[in-house]
Each structure stands twice: as C-alpha cells, then as structure tokens.
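K.L.:
In case you want the letters, here they are:
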Amino acid sequence: MEIGNLQRRYLDFASTLFHEGFLDNQFTQLQQLQDESSPEFVLEVVTLFFEDSEKLLDELSRTLNQQAVDFKKVDAHVHQLKGSSASIGAQRVKNVCVAFRNCCEEMNQEGCLRCLRQVRNEYFLVKNKLETLFALEQQIVAAGGSVPMMW
Amino acid sequence: MGVDREAEFHVLAVDDSLIDRKLIERLLRTSSYQVTTVDSGSKALELLGLGEEPGLSSPASPDKNEIEVNLIITDYCMPGMTGYDLLKRIKGSSSLKGIPVVIMSSENVPSRINRCLEGGAEEFFLKPIQLSDMTRLRPYMQKGKVKEQQQSQQQQQQLQEKNITSGSSNSNSNKRKAMEDGGIFPEKTRPRLSSSSLASV
Numbered sequence: 749m750e751i752g753n754l755q756r757r758y759l760d761f762a763s764t765l766f767h768e769g770f771l772d773n774q775f776t777q778l779q780q781l782q783d784e785s786s787p788e789f790v791l792e793v794v795t796l797f798f799e800d801s802e803k804l805l806d807e808l809s810r811t812l813n814q815q816a817v818d819f820k821k822v823d824a825h826v827h828q829l830k831g832s833s834a835s836i837g838a839q840r841v842k843n844v845c846v847a848f849r850n851c852c853e854e855m856n857q858e859g860c861l862r863c864l865r866q867v868r869n870e871y872f873l874v875k876n877k878l879e880t881l882f883a884l885e886q887q888i889v890a891a892g893g894s895v896p897m898m899w
Numbered sequence: 118m119g120v121d122r123e124a125e126f127h128v129l130a131v132d133d134s135l136i137d138r139k140l141i142e143r144l145l146r147t148s149s150y151q152v153t154t155v156d157s158g159s160k161a162l163e164l165l166g167l168g169e170e171p172g173l174s175s176p177a178s179p180d181k182n183e184i185e186v187n188l189i190i191t192d193y194c195m196p197g198m199t200g201y202d203l204l205k206r207i208k209g210s211s212s213l214k215g216i217p218v219v220i221m222s223s224e225n226v227p228s229r230i231n232r233c234l235e236g237g238a239e240e241f242f243l244k245p246i247q248l249s250d251m252t253r254l255r256p257y258m259q260k261g262k263v264k265e266q267q268q269s270q271q272q273q274q275q276l277q278e279k280n281i282t283s284g285s286s287n288s289n290s291n292k293r294k295a296m297e298d299g300g301i302f303p304e305k306t307r308p309r310l311s312s313s314s315l316a317s318v
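Protein chains in written order, with this note's numbering: chain L, 749 to 899; chain S, 118 to 318.
Treat the hints as calculated values from the structure; they're not laboratory data.
One thing to keep in mind: the hints can contain errors.
Mimicking SDA-like on lysine to any residue, the simulated pairs with C-alpha atoms at most 25 Å apart in a straight line are [stated by the list, open to error]: (1) S:260 - S:226; (2) L:821 - S:156; (3) S:262 - S:154; (4) S:260 - S:275; (5) L:821 - S:243; (6) S:139 - L:790.
Bound-form chain L, shown alone:
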C-alpha cells in the first residue's frame, strides 16, 4: 500500500480513538514529547502502562475475591491504575477507575466486582487500539514514509 494511503488510514484511525474517548489530550502530550533524542518514548511509556495494569488487574481480582475484602488495599490499587491511565491518556479506563473508587469507599463488594469487569474490558479495548495504532506507524515507516503528526 502506498505511503499516502497508509498515512491517511493512520490519521483516520487515530482520530476515531480520540472521538470515541479511548484517548484524550494527555496521549497527544506524550507524542509531542517524542523526538530524535527519545524516538520510542510513547511506545516505552505505553509498554510500562500495559505491564503495570495487568499486574494491578490480577491483584484486584485476587483481593476482591476473598472472603473478607480489604477495601483499602483495593482502593490503593485502583488509585494507582487511575493515575497511570491518566498519565498516558487512557481516558475510558481512568473514568471507570473513578467509579471504582466510589464503590471502594462504600465498601460495596458487588459494585467493585462490576467495576473490575468494566475496567478490565476498557483496558483490553484500549490496549488493542494502541497496538493497532503502533502497527500502523510501523507500516508507514517500513514503507519509507514518516508518521504524520496529529496536532
């Protein structure tokens, strides 16, 4: 596929991610911080986010499925997930975390389990979208083109 088409596909895909709320302006901030001195910056940060989140999701599952739930611990994990999702611009994940923290405060186990399912969904959705985005970037570069800026 020629470079122009690849670049158009990339821009279209990226803009739907923003329109559908998967990503917010913070992601754009990350892209703006990437340059020749740090050419893989976005990929590196997002990879850290993937690793961190999956650990947290497993921990949350363990903690919430116990007889006596330690809601303080659950809240601490959700706080961390909320922070890291906000830092990379994963807006929908962050929003579920806000609701999740409310359930923790209310010590509502059912509510928390519901939120966990939701946050897990949103996380894997955005992970999939980001991986697709990076793959499109790689295609452009492999074809000899440059990745267009979205701002």
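Use these hints to put chain S onto chain L, whose structure you have.
P.N.:
Below, chain S without anything else, positioned relative to chain L:
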C-alpha cells in the same frame, strides 16, 4: 549520572510511580533541565545528604556525596513518606530549606493544597503534568540561585567588615534576619551594601 553542561538547573523528581517518573524525567529533560529521579522520599533525603554533617551543599566540592539540586518536585501520595512529609523535612533542615519544592498530585483536594503551600511548597501541580507546567519552574530556580549568590556575597562582605571595623553584633544579626526574611528590612542593609559591596564588584 553524568553532569550535563548544557543544563544550568538540576531538578530532583520524587515519585513512586514508574510511569510518572518516566514522564516527569522526559518533561524536565525536554525543558533543558538536568534530572535525577528517585522513587521515595527517604531516597531523596539520602541523596540530599540529610542526616549527615550540616552545611555541605557547597558547589565547589563535587567530590562530596550529596548532589546540588535547584528544585525538588515531588508526588504527594507516596507510601511511607508522603510528599508533604518530605517537604517538612526539607524546610526543617538548615542546609536544604533554601531549595524550592513543588508538589504534584492527581487529586484536587483544597485542604491538601493549602497545607502544602503553608508548609513552604512554592506551587502545587495537578497531574498529569504537562510541558507548559515546566516553564513555571524556572523562576523558582532562578530565585534560588540569586539568593545563593546574595548569601555568599553577604558572607564575603561580613568577612571583609570583620577585618576592617569592629562591627557591632547587633547589626550583623539584623542583616542575617534580613536575609532569612528575604529582604524585609532593606534600609538596615542598604548602607552596608553600598559602602563595601560596590568596591568588591
């Protein structure tokens, strides 16, 4: 940790989140600051040499263990020592209290913000931090450098005066008070500055 000759200011960033450390480091480097990141308040204090001999933050001694830092930016919510605890330790230390401290938090809690500002923080940033926030750091670091220069000028001057006149201890303590208060009693210091510092300039 190499010395970056291009960057004139060195920032110490404290955050327990690996992602946020990576982000703040990139933000600071992009803004041409030299950066060191640590993951806890206690590591920060260790790096700053707190708990060891006082008054060793001399830039003329690079072989000492502590580093020279022009600003500390710290997360509020950290396990163990919070950003507020770190702030109080720094402001409570005679050797470190001159270093400007900025606090970051993902949560907009007015009582928390006030507490930090009252505790001596220069500013409170809401996370996620952006590139535009980095430009707000420079004035604090510049003010810090000027204060440092003024202090060493005052010290040189005091030494000169001790040699020249018998100088009453009362006026010396006023000058020290003026330095600490950030120049609240300029009238007391001005005659002294004009009489000797012009000669040394």
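K.L.:
Each hint needs a verdict: does it hold in this structure or not?
P.N.:
Verification of the hints:
The straight-line distance between the Cα atoms of residue 260 (chain S) and residue 226 (chain S) is roughly 28 Å, outside the 25 Å bound, and the hint therefore fails. Between residue 821 (chain L) and residue 156 (chain S) the alpha-carbon distance is near 20 Å, which keeps this suggested pair within the 25 Å criterion. A hinted pair counts as satisfied when its Cα atoms are at most 25 Å apart, and residue 262 (chain S) with residue 154 (chain S) qualifies at roughly 21 Å. Only pairs whose Cα atoms come within 25 Å are accepted, and residue 260 (chain S) paired with residue 275 (chain S) is accepted, the gap being roughly 22 Å.
Annotation: proposed proximity of residue 821 (chain L) to residue 243 (chain S) holds, straight-line Cα distance about 24 Å (limit 25 Å). At most 25 Å may separate the alpha-carbon atoms for a hinted pair to count; residue 139 (chain S) and residue 790 (chain L) meet this at roughly 11 Å.
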